[in-house]
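Q: Residue-level listing of the chains:
There are 4 protein chains.
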Amino acid sequence: MKVGVLGARGKVGAEMCAAVEAADDMELVASIDAGDDVNVLVSSGAQVVIDFTHPDVVMANLEFCISHGIHAVVGTTGFDAGRLAQLEGWLEESPATGVLIAPNFSIGAILMMKFATIAAPFYDSVEIIELHHPTKADAPSGTAARTAALIAEARKAAGSPAFPDATSQEIEGARGADIDGVRVHALRIRGMIAHQEVVCGGPGETLTIRHDSMDRASFGPGVLTGCRQIAAHPGLTVGLEHFLDL
Amino acid sequence: MKVGVLGARGKVGAEMCAAVEAADDMELVASIDAGDDVNVLVSSGAQVVIDFTHPDVVMANLEFCISHGIHAVVGTTGFDAGRLAQLEGWLEESPATGVLIAPNFSIGAILMMKFATIAAPFYDSVEIIELHHPTKADAPSGTAARTAALIAEARKAAGSPAFPDATSQEIEGARGADIDGVRVHALRIRGMIAHQEVVCGGPGETLTIRHDSMDRASFGPGVLTGCRQIAAHPGLTVGLEHFLDL
Amino acid sequence: MKVGVLGARGKVGAEMCAAVEAADDMELVASIDAGDDVNVLVSSGAQVVIDFTHPDVVMANLEFCISHGIHAVVGTTGFDAGRLAQLEGWLEESPATGVLIAPNFSIGAILMMKFATIAAPFYDSVEIIELHHPTKADAPSGTAARTAALIAEARKAAGSPAFPDATSQEIEGARGADIDGVRVHALRIRGMIAHQEVVCGGPGETLTIRHDSMDRASFGPGVLTGCRQIAAHPGLTVGLEHFLDL
Amino acid sequence: MKVGVLGARGKVGAEMCAAVEAADDMELVASIDAGDDVNVLVSSGAQVVIDFTHPDVVMANLEFCISHGIHAVVGTTGFDAGRLAQLEGWLEESPATGVLIAPNFSIGAILMMKFATIAAPFYDSVEIIELHHPTKADAPSGTAARTAALIAEARKAAGSPAFPDATSQEIEGARGADIDGVRVHALRIRGMIAHQEVVCGGPGETLTIRHDSMDRASFGPGVLTGCRQIAAHPGLTVGLEHFLDL
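Protein chains in written order, with the UniProt record's numbering: chain W, 1 to 246; chain P, 1 to 246; chain X, 1 to 246; chain G, 1 to 246.
Only chain W is shown next, with the shape it has when bound in the complex:
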């Protein structure tokens, strides 16, 4: 499979170039960044493009790829409903082409969310702890907020009751943030990168699912899975989980 990388000199893009080069079934045919000629994708015969660029340029990149029948696996952020509709319009004109947009290419993060969703209705209590480096601006993390929403949804669908909590004396903030009724606790610790625990408990037992992400290299297996599956999934897909057989 011939693969091109857009944003090839960025931190994540450089990791993706290395991951493609290390894969036996892939060939890195184009490494493109700001200022480079995007037509190299066509002349090099790229079948799939990996895009870790910037919200300002990603739409132009995708219009070019789709119009040339090149599949795209996209980790760039900033897709709203309007942008997704625009992509679907372009894809109608090129029905064999696939575009995968994923907010998170870490397979561990996807499995953690999947397992939390399965487990949540079986337990009386479910809470989330996330731990990140202290230069992070938002608390809790987007992944923790998304996990909380999925847990709340799964419990609502199963008719699960509210979580038991007899707290009557609380120092403000001790019980964490409330996201759709799920408590989320955010630690900011030097030396940490991105870590999350989902803690579930019932009578006499607890189940804990922990994901530790130490390095951007963790996106590699997910992005390569996206490249390998994209030809079989023409049209627009949002979320790598749709390509994993869970």
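Treat the hints with care, since some could be wrong.
Residues from chain G that keep clear of chain X, each with C-beta distances beyond 10 Å, as calculated [to be verified]:
| id | residue |
| --- | --- |
| 1 | Ala8 |
| 2 | Glu27 |
| 3 | Leu91 |
| 4 | Ala231 |
List time: in silico DSBU-like cross-link candidates among lysine-lysine, alpha-carbon distance up to 30 Å [unchecked claim]:
| id | chain 1 | residue 1 | chain 2 | residue 2 |
| --- | --- | --- | --- | --- |
| 5 | G | Lys11 | W | Lys136 |
| 6 | P | Lys114 | W | Lys156 |
| 7 | P | Lys114 | W | Lys114 |
| 8 | G | Lys2 | X | Lys156 |
| 9 | P | Lys11 | P | Lys136 |
| 10 | P | Lys136 | G | Lys156 |
| 11 | X | Lys136 | W | Lys156 |
Worth flagging that the hints you see were computed from the coordinates, not collected in a lab. For clarity, every value in this text was computed on a predicted model and none was experimentally measured. Glycine included, C-beta positions come from ideal geometry on N, C-alpha and C.
With chain W held as given, fit chains P, X and G onto it using these hints.
A: Same frame as chain W, now just chains P, X and G:
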């Protein structure tokens, strides 16, 4: 639902009586132990029996229940192929009756094994740590050995490669027991009850699934789920996982 | 050593009776609870008394013990400055007698606080997670609040800077409670008993100290240590840590 | 303080140069590697040298530094009794000069070993789990073996009994390696760097001390502490723990 408990004065049986009494949709109509008259099950109108007794008496209990059309949810151990065949023979004569035999009624243990099986093919490395009280005779635990076998099976089915391991100098035993190629490490620690971690790792990230079982009360939700589902599953079922919608 | 237990039929007291009986170097000579004659302590020759009773009766118990030269190891709560002054007054009249008042007899809790205090000044970041059963009224726990205060004190003494934290967008409560500048996160999870983690981090590494308390039996070793050391520590001592050689 | 770095273009050396440059109280005056002129240390006025080089060259480096009255903080390995005696001989001729040799500059690793040593005699059970990347050649790690030896020594000094262990049926290796009677379990997991847990347990409670080392940057704070303290410790010191006020 009218429920009887066999082995009602044993440690687990007593917990099960308490769990039935605490359930809104169940009534405890018979609490039977060695020396008691088993016909009380019939006279009390029990629809389901929970059996936590002994391998020596469980077959007689089940023959009685099946012949009277009483469903059975069984946590007693010692079922081999011969015994299971015998049960299937009896159940042919009473086709509306269900018997559930489960080696483990902890929902957390079942979810841990399920999640380990799903995750295993996505990672380069998977190992198991189990921690139990120091009066345990076998190492590793049956649950850990079973989890290792399931992981090995899932990886074989997915065509996963062998685990990477460059160990060339080992103090004997450091790398644990090898069960179907999966390394299992057993700790014996005073104060612990029954705990297990499945540790998975790939480039730049790890996923850990941990189950902590502190109390026999942890069997309660699984046994009650068995009681509620058994009427819809006539015949013999081995393993509570078949009653959970995973 | 001849030991008496006051509050012998309470949950903790019963555990203490069992712990004394299991110790090779001790003899349980009196098991007393409400309504029993306290003079049995004298007639049985008790040298040390263990008191897990109630704030309403503990002062009368201690006045009796001190006046008869019987040492006391006390887990009952409710000691304020006035009560401690009263005890010191009584002990002046009986200078060979020792009284140990301790808010926590768990050696693990004491070691956790000690280690957190030692480690805190070496790290950029320190936060606390505590996990308890969902019937607990206060959040965070008294032990977590005390640990936070000790960490803050140790860092102040060492001239440590404030913790780094770039959080600019927070869902209310996500960053936990602020106790003397230390963030504390409280989870309430069915199946848990009493658990605490102190998480420390610096460039490229983290250190985590975790204490899991599963059972009142955990007070046993600390109370027995108190009994064995009390004769060597006449007068009033507050806190078991003063009897441990840390 | 004027600091020189030997091995400045190696992976650890480069991190140390960055750490010195980031410190307000230090100036990086010489960055030397193979082929560079070591006399720059003198001409630049270096007061302390950090050496992360190679066993083949470290003795020549230290002879030069000691003879010029430059203190040395050394992370290079390969020091045996003969080499240490040689260093002491050289230092006698230059009594105001200090040399610190440390097998581990991670403060977290030192604290973990210190805390394990303090805690070990208070518990019935103590075992070690270490987790490393799968390209590591030795199992268990040197740090785990050293921790086990320290635990065994502390328990011997305290007269602690053997660990309880009723294992009668073991799959070979399940209970780990036996180092001075302490069980050590080694996991090899892709995505992990260097991690260790010391698990202690007594009646009803456990205490776990975990150290996670993610990055060579973790040596920085320890090496800088060594540089700041070395002038106050003339002569030879082995082990950074002697410079920390624990």
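Q: Is the hinted pair Lys114 of chain P and Lys114 of chain W satisfied, with a Cα-Cα distance of at most 30 Å?
A: holds, 12 Å
Q: Against chain X, does Glu27 of chain G hold up as non-interface, every C-beta pair farther apart than 10 Å?
A: Nearest chain X Cβ is 20 Å from Glu27 of chain G, so the label holds.
Q: Keeping to a limit of 30 Å between CA atoms, is the pair of Lys11 of chain P and Lys136 of chain P held or broken?
A: holds, 17 Å
Q: Please check whether the beta-carbon of Ala231 of chain G is more than 10 Å away from every beta-carbon in chain X.
A: The assertion about Ala231 of chain G holds, with a minimum of 20 Å to chain X.
Q: Can you confirm whether the C-alpha distance between Lys11 of chain G and Lys136 of chain W stays at or below 30 Å?
A: Within the cut-off at roughly 27 Å; holds.
Q: Quickly compare the C-alpha distance for Lys114 of chain P and Lys156 of chain W to 30 Å and report which way the hint goes.
A: holds, 23 Å
Q: For Lys2 of chain G and Lys156 of chain X, compute the direct alpha-carbon distance and say whether it is at most 30 Å.
A: holds, 29 Å
Q: Decide if the proposed pair is consistent with the structure: Lys136 of chain P and Lys156 of chain G, CA atoms, cutoff 30 Å inclusive.
A: holds, 25 Å
Q: In terms of Cβ atoms, is chain X entirely out of 10 Å range of Leu91 of chain G?
A: Holds: least Cβ distance 28 Å, greater than 10 Å.
Q: Was Ala8 of chain G rightly flagged as not at the interface, with every chain X Cβ beyond 10 Å?
A: holds, 19 Å
Q: Between the alpha carbons of Lys136 of chain X and Lys156 of chain W, is the straight-line distance 30 Å or under?
A: holds, 25 Å
In summary, the structure agrees with every hint in the numbered list given earlier.
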